Amino acid sequence: MPDANSLYGPLDPAPDAGWVSAPPRMGFFTDTSVCIGCKACEVACKEWNGVPDSGFDLLGMSYDNTGALTANSWRHVAFIEQPRPAGHRTPPFAGDPTGPATSPASATAGAVTAADTGTNPGLPPGQPEAAALMAAGPEFLGMPGARPPGRGTGAESRTDFRWLMMSDVCKHCTHAACLDVCPTGSLFRTEFGTVVVQEDICNGCGYCISACPYGVIDQRKDDGRAWKCTLCYDRIGAGMTPACAQACPTESIQYGPLDELRERAARRVTALHERGVPEARLYGHDPTDGVGGDGAFFLLLDSPEVYGLPPDPVVTTRDLPKMWKRAGLAALAMAAAAVAAFAGGSS
Amino acid sequence: MAEAHPVGFQWVMEAKKRGAKVFHVDPRFTRTSALADTYLPIRAGTDIALLGGVVRYILENQLDFREYVLAYTNAANIVSEQFADTEDLDGLFSGYNPDTGSYDHASWQYDGQEGNATVRGTGKERDSASGLEHESHGEPVPARAPRDETLQHPRCVYQILKRHFSRYTPEMVARVCGIPEERFLELARAWTENSGRERTGALVYSVGWTQHSVGVQYIRTGSIIQTLLGNMGRPGGGILALRGHASIQGSTDIPTLFNLLPGYLPMPHHADHPTFDEWVDSIRHPGQKGFWGDSRAFAASLLKAYWGDAATPENDFCYGYMPRMTGDHGTYQQVLNMIDGRVKGYFLLGQNPAVGSAHGRAQRLGMANLDWLVVRDLFMIESATFWKNGPEVATGEIVPEECRTEVFFLPAASHVEKEGTFTQTQRLLQWREKAVDAPGDARSELWFFYHLGRVLREKLAGSTQRRDRALLDLAWDYPTHGPHAEPSAEAVLKEINGYEVATGRPLGVFTEARDDGSTAIGCWIYSGVYADGVNQAARRRPRHEQDWVAAEWGWAWPANRRTLYNRASADPDGRPWSERKKYVWWDPDAGEWTGYDVPDFEKTKPPSYRPPEGASGPAALAGDDPFIMQGDGKAWLYAPGGVLDGPLPTHYEPAESPMRNPLYGQQANPTRKIYEHPINRMNPSPPEPHSQVFPYVFTVSRLTEHHTAGGMSRTVPRLAELQPEMFVEVSPELAGEVGLAHLGWAHLISGRAVIEARVLVTDRLTPLRVDGRIIHQVWLPYHFGTEGLVTGDSANDLFGITLDPNVLIQESKVGTCDIRPGRRPTGPSLLDLVGDYQRRAGMTPDRKVPVVTTDAAGGDDAAGSTDEQSAAAHQDGEPHA
Amino acid sequence: MGLKTFIQGWPVYRQLTGTDPLGRGAAAQSPRSAGLTARTETADGMARSVCPYCAVGCGQRVFHSGGQVTQIEGDPDSPISRGRLCPKGSASKSLVTSPLRQTKVRYRRPYATEWEDLDLDVALDMIADRILAARAETWEDVDEQGRPLNRTLGISSLGGATLDNEENYLIKKLFTAMGALQIENQARI
Amino acid sequence: MSPDRPVGDLFRRFRERPAAGRVNGSATGRDAGLAPHPSRDAAPRRGGRGGGEQLNVPPAEFTSYYGRPVLKPPVWRWDVAAYLFTGGLAAGSSLLAAGGQLTGRPALRRAGRVSALAAVGASTYFLVNDLGRPSRFHHMLRVAKVTSPMSVGTWILSVFGPAAGVAAVAEAAPLLPDRGVLGFGRRLLPPAGHAAGVVAAVTAPALATYTGVLLADTAVPSWHEAYPELPAIFAGSALASGAGVGLVAAPGAQAGPARRLAVAGAAMELWGSHRVENRLGLLSEPYTQGTPGKLLRAGRALTAAGVAGALLGRRSRVLSALSGGALIAASVCTRFGIFHGGVASARDPRYTVVPQRERADRRAAGQD
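Residue numbers (UniProt numbering), protein chains in the order written: chain W, 1 to 347; chain B, 1 to 881; chain V, 1 to 189; chain Z, 1 to 368.
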């Protein structure tokens, strides 16, 4: 039965969605600190789920020629080149006759490239300034004009460099707006606590696309329906591992019961901090966050927005009761006005 | 490694988790660098200088694993007083013959063994790539050589090594490689600190290392370090070659190579091996230690497998049928012969030289001058369509209506449509089960060659020609099955394994081989893969059900040993060097060798065993001679023979370099294989003039998303979309200097070709300060061509043909070029642009590439400042852009 | 089947009567979703294979139904790869099932500008004839000193690194017997 | 390059060149990045010289993956915006009709019922037309989800639609013959029409206001943050447009209620849009700039004009009709303005990242 936290707050989603004696909630933990950017996850996903290609375009976003999560890319590997220290590693270009860094400039060029992903809205062009900051590092947030040294955007020579890679995927939120706004019940909560689009039901109303706070779900053009990661519903139902996690060579993508993954992740962050990687942080692991925690969460080495993730997403349906209340008041006002208009006055 | 072998890289990550420090040396910052603890950018083609620096660091600081070195290597051996080092001869060793560009090895021998040398400086061994034979065994040396266990003798290997590498100082490493001293020292320190009794370090290279004019010596330098540090034959140590094709190891063991026969038996040479006995003795070297002593049995058994009943001891097992080498018959020689019209027919079997081989233009023009070409592949590849849409069609060099080559394209079966074994990069054979039937006309090579042989034999039936006997007497009766009469791969594997002729009993191990015709063995090192009539390569015991060595998964040659020379993981007395690193050891109670792996040693030969006088072959191996395939049972820090370009590695500049060799007067490898052919013009290097016309260094390699020549990746949407276009990676500094825009176009020019690519300006590349100059390097993927879903110019077109002398592998990992903004010209004007560069670089058809360096006056100056010069050069070239 | 079952199958009815009033999960699940299972579970068979790309030798499981490959994924039993595959290995199914694959013999006669079709047996026969002709034309019996050569330099071959050991064995054996010496593969490149 | 000259000098000098315009959102990035060195530019180049200039513009106070939007902008096309209008119009008209029906103003009743049917018909078309799989429209009736405004709306429509239909059809009663089956219909229709008209009127306020929640219940920043106002704006806009119909259709004698409705509606609408354009801080921006800004300003002007006309033009049938038209047009502008304002806020990562980043930083600050 619906829980008190049905719309917001910590919640075990499967029982709330009417699953009696549901199995433990399953999810992904994606540890970007061991990602080698091989894109096996993208390919394995497409092979298993028969996802079409998303265009043959060189995007110039480092080695990212996919661009974003779309209806035709359910896993997306982000690549970020930054002239920044990479934790414990000694500066790669120390002592080399280098000039200023180009990462910000190249990123700005990549920001405006286009790709026909075969989906809608697919991959809209970006803002060069924001791209430059992504490539230079997030320190500038809220401090316009500041140009701390060593960020390679000045004239000094670059010595530090790091190449961030991260395999993004649907977050399978505890409070999934896409699911709640779906008018057909096509998007539904599985017994594993995951969020799945039922392709035999979806009629392409597009509501889920505007509702997703992560910009994950997307519409396939020639098909009209919405598509996204199913966390391989068919595979996990058969006790198998999702295709991407099974393929991942370095265990960057880990699949398992969410509780276990959260503990593993916490241990990993501590280990990294001890090894002098203070920038390591978890994202989407916290059941008390705006979406009640993600079923697919991440270990990041920079702020979420650098990876194209919202820094502090809140599920829109948190405010739904207030919205209905406002609508009710408006409706009453409307009715009252009508009555008054006819009752009052003579002519 | 993360780039080209991601799944193998999982083990590096495991090691990292356990605290291992990972160093990555590469001209460009790759996905591997991103995960490494330390990344060292290096100038392409200078690895020997870097590794030599490490050797010096070890020796100068006495950091070698002395007990190991004394017991298991030839460090104490004393070398002939006739030997002169590169130190004395400014980059040449003693015995150099300028006329043939090769060495007489006599002076390299151990003291008093000078007469023993088999190599006499005729260049013959180079032409027959004899170095390849040593994939599994060393050059002949006498069992016993004079030694000085104190390592003090001035002519002992240890002291020679010390002198030879004395000039490879950190300063010199910085001057040559562009690696700052402190960065180099970080590497040297970590490597030595993590080697020895308690710890081992591993050296992993991808086979781009072999694609240099001194490729073999790169690996030699690595093995010298690993041997000095005691990292050979021990767990967590060794040198691991990451090879790039599913069964490239297998195709070397069972060679489709001109100079080898299965099991590294040499292909007979017309002059050296007129008779069976001379041939066999040249392999087993009577009186020498080690298992090659039995090679008469291996050779006889191979011929028996080839010619069956016709092969008898009386007729030397049909040795007379064997074709003979007269010189270099390698793939590049073949291509030049094609251009000259000397080759009639060409088979391409899952290979795409139009994209994958150096000097693509030569490859395509060669194919355009054949009578007939047979291409067997999964997809329509560039090498099958060169006559239709190759770059030369655009330039008018190939006109379809005038190209006489008759082309047969035969579709091939994929890896799931046939059964058989692959041998992966660690010598492990794995059997593949067949899943489905091949579509349409697609057939396996097994089918094609079996039936081709059948048809040939039918057509020749009754022929009285002597030359046809070898075909008619060939043992060619393999059981077939299915509607297409597919031959049985398992039957062939059984023949490879070898069997007792009388009973047909499969052999269990190569020691069962006989030289009396009673055994037939297709490839002696594979004996045991079909032991007891069981396909050992098909074993798939799950990893959780066995220990970490996983000896019951597949089968590794020889004799299912997973780590070669693992006797060295125990000390001379047979005790593990350390508890942490125990692997194989002597069990005194059981009186046999035991451990996690199959001991790479005679099972019951105790450590204390000493051979009797005059013993030879395996019997001559002492109980503490771990390197059982070597002529003296020892690991060689110094190679008295077998390596054609010197007993010790020496840094030579690449055949095409913008730099003068800072170490020696000799610029490039004096024994490298050069082809003087009008189509094969090499860019000038200092001290020759005009090297500044090609001021930039370029290197090529793989992307994770593509495979070699692209035939298996540009044809697959899943992969094509991930790297959809040919591009070139340049540093911001070079971009600023030349004027390149991120995502704009650039074209690169060498003395052979012009190619264009989209530009990625990235901080992952850096200029290097080398010998007081700034050197810019660019990187390109070599996967692109004109066929497939995504197309682009082929990077390999830029390379010329210069080969390593030992194995005749081309230098295709480093070259010089010019790079300019914008797209390349098309049509005939493209040839004009190349011609213009050739003119300005003085690359006339009659120009002779200097083998031995003679300092041309002003050469150094000419090489001084590339920047202005090339800028000037560009003005000349302007009209063509 | 009747109105009753129809009504009971109606998610709204299940919302009102079941444990999922908000229609989020159990009530909204479609019969198709309820019946979903991995196609590997229902495959006709599974072949244990090895990745065809690089030389690491990762284990592959090849699932097939009705003579078609339906899935290729890593073999978790393999001590080499532990069930993992890189993007290339993961794309193996697309590789072997690609519509771009050639399945018919193609023939380009001299000076032609287009391909034409050819029967496989005819092709094999023509190739055999050309081999014999090339041998006859370029055969070398002995060198100038009368030492045996037994060879032809008129025939070349390149390839093998992507082939099976058994195949390389037959290739080398046959070519050696026909005196064709110029046999090479990627190991030289 | 000589050892004494610092590496990348040309590069640096180039990058320090004063900005020469900014990279626009052009589809190809070829112009961006590092511009070629003039003397060496042999490449045929598209567009003008872009280049490292981006680095010279003051850094934005937020970042995003290659500056790409974090959210997926709504895929809804113009017809959803149009539906917002027609739905409101249907609601307003049916209220007008019911009023006319109950207070004996046949002209208002007739006009209201007819336009209600027309508008709800159009609404249905727009809704179905916007689906990626129109043939699956009926899947909307699979579930009834209070968490999904679209589901709620579907059910409201499925009550309102038929009711409005019957009410409108009832207007045709006088045309039927008074004998036979049709005669029976002629006698039956008016009462049925009455009942249906009332049903429609009762559901009308819900129909008019749920669309506010429809937009607010999304991740689109400027829609979601405006959730307190959107229903009011849409309710007002619906009333105004309904009143507009009355003013156009009804003779002066009967138009009194329509004038009063117009005033009430306009008041609600203006109050609401004023709030969203000022209360939301950064998220108000999209409503004040570009097309959305223009539309909303036009809407406000037209509303004002319409109301003025309605009040002053009592005597003039023409002026009343004109002001009625103005009110209807105003409603169209408002709906499209709100719609596009939201879309713009989703397209620009700034509106997603900045507020969230500030919130996160505040929380972090609060913690330590």
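Derived by calculation from the structure, the hints in this document are not laboratory data. Warning: the hint list may mix true and false statements.
As the list claims (entries may be wrong) - DSSO-like mimics (lysine-lysine), calculated; alpha carbons at most 30 Å apart, straight line:
#1 K582(B) / K603(B)
#2 K581(B) / K162(B)
#3 K21(B) / K582(B)
#4 K388(B) / K104(V)
#5 K582(B) / K16(B)
#6 K104(V) / K459(B)
On a predicted model such as this, the values are computed, not experimentally measured, just so you know.
Here's how the hints hold up against the structure:
{"no.": "1", "hint": "K582(B) / K603(B)", "result": "17 Å, holds"}
{"no.": "2", "hint": "K581(B) / K162(B)", "result": "29 Å, holds"}
{"no.": "3", "hint": "K21(B) / K582(B)", "result": "21 Å, holds"}
{"no.": "4", "hint": "K388(B) / K104(V)", "result": "19 Å, holds"}
{"no.": "5", "hint": "K582(B) / K16(B)", "result": "21 Å, holds"}
{"no.": "6", "hint": "K104(V) / K459(B)", "result": "25 Å, holds"}
Violated hints: none; the structure is consistent with every hint.
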